[in-house]
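Just need the whole structure built from these sequences, with the hints factored in.
There are 2 protein chains.
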Amino acid sequence: MLFASLLKSIVRRGSMVLIDGAGRRHRIGDGSVPRLTVRLTRRRLDYSLALNPKLSIGEAYMDGSLRVEQGSVMDLLMLLAGNLDTVGPGHWLNWGTHARSLLPSRVHAARARRNVAHHYDLSPALYDLFLDADQQYSCAYFTSPDDTLDAAQAQKQRHIAAKLLLDRPGLRVLDIGSGWGGLALFLARHGAAEVTGITLSVEQQRESTARAAAAGLSDRVRFHLRDYRQEQGTYDRIVSVGMFEHVGRGSYGAFFATLRRLLREDGVALLHSVGDSAGPGPINPFIRKYIFPGADVPSLSEVLRVVERSGILVTDIEILRLHYAETLLRWRERFVTNRAAVLQLYDERFFRMWEFYLALCEAGFRTRSSMVFQMQLARRNDVLPLTRDYMVEAERPTATRPALSDAAV
Amino acid sequence: MLFASLLKSIVRRGSMVLIDGAGRRHRIGDGSVPRLTVRLTRRRLDYSLALNPKLSIGEAYMDGSLRVEQGSVMDLLMLLAGNLDTVGPGHWLNWGTHARSLLPSRVHAARARRNVAHHYDLSPALYDLFLDADQQYSCAYFTSPDDTLDAAQAQKQRHIAAKLLLDRPGLRVLDIGSGWGGLALFLARHGAAEVTGITLSVEQQRESTARAAAAGLSDRVRFHLRDYRQEQGTYDRIVSVGMFEHVGRGSYGAFFATLRRLLREDGVALLHSVGDSAGPGPINPFIRKYIFPGADVPSLSEVLRVVERSGILVTDIEILRLHYAETLLRWRERFVTNRAAVLQLYDERFFRMWEFYLALCEAGFRTRSSMVFQMQLARRNDVLPLTRDYMVEAERPTATRPALSDAAV
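Note that the protein sequences, when read in sequence, are chains A and B. For the first sequence, the numbering used here gives the first residue as 92, with consecutive numbering after it. For the second sequence, the numbering used here gives the first residue as 92, with consecutive numbering after it.
If you're looking for bench data, these hints aren't it; they were derived computationally from the structure.
The list cannot tell twin chains apart, which means a pair is met if one copy fits it or any two copies do.
List time: in silico SDA-like cross-link candidates among lysine to any residue, alpha-carbon distance up to 25 Å:
1. Lys145 to Ile403
2. Lys145 to Asp166
3. Lys99 to Asn143
4. Lys145 to Arg400
5. Lys145 to Gly402
6. Lys380 to Ala369
7. Lys145 to Arg443
8. Lys380 to Arg197
9. Lys380 to Arg158
10. Lys145 to Asn472
11. Lys380 to Phe442
12. Lys99 to Gly402
13. Lys145 to Arg134
14. Lys380 to His199
15. Lys380 to Arg205
Put into structure tokens, the structure is as follows:
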């Protein structure tokens with residue numbers, strides 16, 4: 092049983108029972124009482140699980156041939172992620188990291204549209220089943236682990252707005268990867284900004300445009316179906332939340348060259364992206380194959396190397412770690428709670444695929460390697476105040492807003 | 092006149108008059124009325140200035156063969172720095188950047204001691220002439236450009252202490268590169284910490300030990316003459332301010348491996364260093380030859396590349412840009428004001444060498460390329476609070492302190 096041997100070689104902390112395709116039980120781990128039992132229902136699974144576990148565990152869970160009989164798939168993933176983290180980059184399971192990083196993927200416009208359609212053009216009803224009321228599909232900002240998802244997503248919007256220094260009404264803001272429009276609408280209302288959102292998802296563009304109309308903001312918030320490289324004009328502020336993961340590391344140079352071209356000389360930009368603390372490496376193959384084709388998880392070092400060459404200045408970097416774990420936990424709880432509704436839209440395999448995706452990502456943030464960075468950028472060194480105090484001020488619930496406030500809309 | 096031709100090819104904004112060794116006047120720049128006149132007193136200067144201006148301008152200023160007749164040496168450096176910045180890394184003046192970065196300098200312990208002695212074992216009386224009362228020889232933290240140097244240096248100490256999360260008395264703190272002991276004494280008083288400071292400067296170790304004794308803190312603050320690689324034991328908190336510049340890029344791996352070894356699993360570290368926004372490159376050759384032998388100015392990308400491999404997590408990065416320009420301005424003003432006193436310690440050449448050094452560094456921070464980063468690090472992702480709010484809280488003048496406060500000392 093190769094897979095059992097592999098698990099035994101990896102798992103040093105925690106324990107589990109594996110029941111293989113022939114019905115044999117394997118005790119794995121540090122000798123503690125196992126609260127996790129996994130059963131394989133096919134003998135032939137052994138080879139693929141042992142040879143390419145990062146892909147095959149997800150595939151086997153998805154097709155039902157790997158079943159979690161005691162505990163949850165999250166327990167399995169936490170056990171693996173926690174121990175893989177300690178085996179380090181030298182372990183053969185992490186081989187390929189370096190080789191892959193030498194083959195940067197350029198994501199051209201046509202490919203980018205297909206990649207986006209794969210995920211974001213799924214039924215809007217699906218996203219309604221697990222996102223917050225404002226449909227923010229990115230890491231929320233928790234002031235406490237007790238915050239609700241809705242509260243934490245609202246705090247995220249304020250947090251980002253604070254870093255954009257919306258110090259006067261009428262600022263022209265570009266939102267690259269505008270999703271279902273929540274942030275753009277917030278910036279228009281809260282910051283009295285003129286916002287242009289661009290997305291490659293037909294569904295998102297349609298829905299966000301409808302939301303702007305319903306909010307009576309069509310004159311100040313517009314959404315276009317457009318690749319960032321095709322955007323023209325210049326902006327006072329540029330924000331991009333949860334889109335950079337789709338850029339592809341071969342296109343980072345194009346991304347920052349575009350950012351520099353679109354950002355006014357006295358402008359401010361904020362880039363919010365998932366990052367990998369362990370350095371440049373491949374994204375999990377299951378995620379890349381089934382969830383986000385063409386996606387890369389950048390490390391701060393590789394992003395900054397490109398920024399340094401681009402002539403843009405980094406002005407602040409905040410690292411959010413457990414925030415995305417808390418976000419993903421709430422998404423998965425809602426997703427699982429709404430299982431019946433998901434099955435009305437898609438099938439059992441899809442449900443398990445997405446349950447696995449949400450659990451896998453959460454495990455990455457609970458253990459050490461995944462993070463979110465908010466990188467603030469400017470073209471001049473004197474555009475922002477001397478200290479970060481303005482962010483704190485702007486985020487206070489009592490902070491005064493620019494002239495055009497909610498009440499005026 | 093090669094040097095005049097070089098200046099004409101570089102200077103696109105601003106203007107100056109160059110009077111060459113034969114007494115000929117060269118109008119250089121954008122046609123605006125020049126408020127800067129530079130005279131060369133030797134004909135043979137032309138070649139060295141044209142071939143290696145980054146080294147030779149400073150040398151010529153130092154030996155008196157390049158004189159500023161109208162304006163100041165700061166005006167000359169701002170004109171050059173502002174325009175060099177726009178010529179970009181492709182300009183031949185910036186060649187060698189890449190080649191140099193391929194030859195990382197390892198700074199071994201014996202060399203490190205010699206490098207440190209060159210600068211920090213100068214007469215303590217010299218540093219008294221331009222530093223603040225607490226003798227902080229690193230970038231201060233200005234809440235306003237009107238802050239006095241003493242106020243800004245005190246704010247810097249609070250700012251750093253806030254990031255160290257001194258949440259209980261008796262924390263064991265290591266200060267790598269402890270200078271004249273100001274920060275260590277502050278952390279002991281303000282944060283009720285047990286501080287070990289290490290330095291390679293005989294003068295600094297002597298003076299800081301005397302200060303600890305005078306403050307009645309000898310039982311809680313100790314200073315050792317010791318290389319960071321020789322330090323043993325483990326610490327709850329590690330801080331290093333303005334020392335990383337001396338590590339040498341070939342030794343960054345050793346630095347972070349040491350940091351990881353010395354930092355407890357639930358520890359927090361703060362690294363404060365000058366950085367180069369334009370990417371990995373050589374330090375100015377004048378600074379390296381006359382002021383800081385063996386020093387390197389790291390870029391964030393190269394530091395983070397090493398951190399990512401080290402198994403340490405980045406938890407926050409603050410970028411300070413104009414703060415060091417304001418600090419250097421105040422140092423240079425004091426230094427120049429105390430010219431007579433400097434000349435009692437050293438000679439005219441030394442005075443001009445240091446005046447040039449302080450002006451050159453300030454120009455780097457006023458223009459775009461130089462910055463200071465404060466990089467907060469931890470070994471676990473759950474050691475620090477979810478948000479940065481604790482830093483803000485700790486920095487408030489009214490913040491409550493741990494049980495053992497100033498009053499108790």
